[in-house]
Amino acid sequence: MARSRVSRSPDRRGRGRDDIRSKERSRRSPSKGRRHRTRSRSASRDRHRARHEDRSHRSSRREPSPSRDRGRDREREREREREREKREREREREREREREKEREREQDRDWNRENDRGRWEDGSRSLKRREDSRERPRRDGRRDGARDPSPARRRGASPDSRSRRPASPDRKRRRTRSASRSGSPAGERNRGAKARAASRSPTPSGASGSADESSSDEDSPSSEKEQEDEEERLRKQAELEEVLIEEEVARRVKEQIEERVRAAMSSDAVQQSLQMRLEAERKVLEEQVQRELEEERKVAEEEAAKAQQAIEAKQAELAAIEATRKREEEEARRKELDAEAALAEQRFLELQRKAAEAAAAAREEESKKKKEQAQVFGRNGARTKLSFKLFG
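Using the working numbering, the first residue of the sequence shown is number -17, and each one after it goes up by one.
Keep in mind that the hints were calculated from the coordinates and are not lab data. These figures come from a predicted structure and were not determined experimentally. Every clue listed holds true.
Below are the DSS-like pairs computed for lysine-lysine, each with C-alpha atoms no more than 30 angstroms apart in a straight line:
#1 Lys308 with Lys296
#2 Lys68 with Lys265
#3 Lys336 with Lys353
#4 Lys68 with Lys280
#5 Lys218 with Lys236
#6 Lys236 with Lys83
#7 Lys265 with Lys280
#8 Lys296 with Lys280
#9 Lys207 with Lys218
#10 Lys110 with Lys218
#11 Lys236 with Lys110
#12 Lys352 with Lys336
#13 Lys317 with Lys336
#14 Lys351 with Lys336
#15 Lys68 with Lys288
#16 Lys265 with Lys83
#17 Lys83 with Lys68
#18 Lys350 with Lys336
Across the chosen pairs, the derived CB separations fall in these ranges:
#19 Ile303 with Glu61: 30 to 38 angstroms
#20 Arg71 with Leu260: 16 to 24 angstroms
#21 Leu222 with Arg101: 16 to 24 angstroms
No residue lacks a Cβ here, since even glycine has one placed at the ideal position from N, Cα and C.
Make a model of the complete structure from these sequences and hints.
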C-alpha cells in the first residue's frame, strides 16, 4: 500500500515510474529484455547511419568537383584557342592565295603586253614589206617620161574626187542597164550623164590629120579600159592603205597610251598612292581581325560567365537539397523520438494500470486473509479452545 502511494504521489512520479519499470523488468526476464532493447536501439541506429551515409554518398556523387570544372574550363579555353589559330591560318592562306592570283594576273598582263607588242611589230614589218612590194612594180612599170603620181593620188583620191571622176564604161553600162530596166528616174539621169561624158570626152592634143584621128579612135577603148583598171587598182590600194593607216594609227595610239600608263604607274606618286592604298587595306584587315578576336574574346568571357553562373546555380541547388535533406532527417528523428516517447508513455500507463491492479489484488488478498484470520480466531479475536482426550 505504501509503495502504491509513493508511486502515485505527484512529486515522486519519476521514481515510482522507475520502480514500476524495474519491477516489470524483474518480472520478465531482465537480461533478455535489456538485450532486446539494446539490440533494437543498435539496429535503428545502424539503419539511420546507413540511410544517412547513402544520402551523403548520393549527394557527394551529384556534387561537381571544382578541380574537374577547372579542367573542363581549361580544355574549353584550349579548344577555343585552337579554333582561333585555325581561323588565323585559314585567313593567312586566303591572303596568300589572293597574292598569288594577283601575281598571276600581273604576269598575264605583262605577257599580253609583250604579245601585243610583238604582234604590232610583226604587223608594221608586214605593212612595210607590203608597201615596198607595191612601190616596186609601180616604179618598174612606169612609162618613160611619165611623172610620178602625186601623194594624194598614191593614197587615193578623196570621196568627192572619186564621185566626180567618170566611171568606167562597163560600170556605167551596168548602172544604165539596171536603171533603164527598173524604169526609175535614175535611168534618165544616168543616160544624161553618159551623154554629157561623151560630149566632154577629150581629143588628143598632138593628133594632126585623119590618120591620127582614126588610130586614136581605134585605141580609145583599150586605153579607157586600162585607165579604168588602173583607177580600180588605185582605189583598192587606197582603201587598203587607209585601212593599214588606221590600224597603224590605232596601234601607235595604243602604244603611246600604254607607255604613258606604264610611266604613270612607275612614277613615284602612283607608287606612293598604291603603297598608301595597300597600307590602308592592311590596316582595315588588321582592324577586322582585331574586332573578330575581340568579339571571340567577349563570347568566350560570356560563355565562361554563363558556365560560372551555372556552377553557382548548381551549388545553390545542391545546398538547398542538402538543407531539405537535413530538415527531413531532423523531422524523421523528431517523429521517431515522439513515437518512442508515446510508446514509452503508453507502456508506462500500462505498467501503472498493472501496478494498480496488482495493488488492488494485494489489498483484496490481505483483506481476505484478515477475514480468514477473523474466522479462525473468532469474532473478538480470541482463540477457540480445543480439548483432547488422551485416554478414554
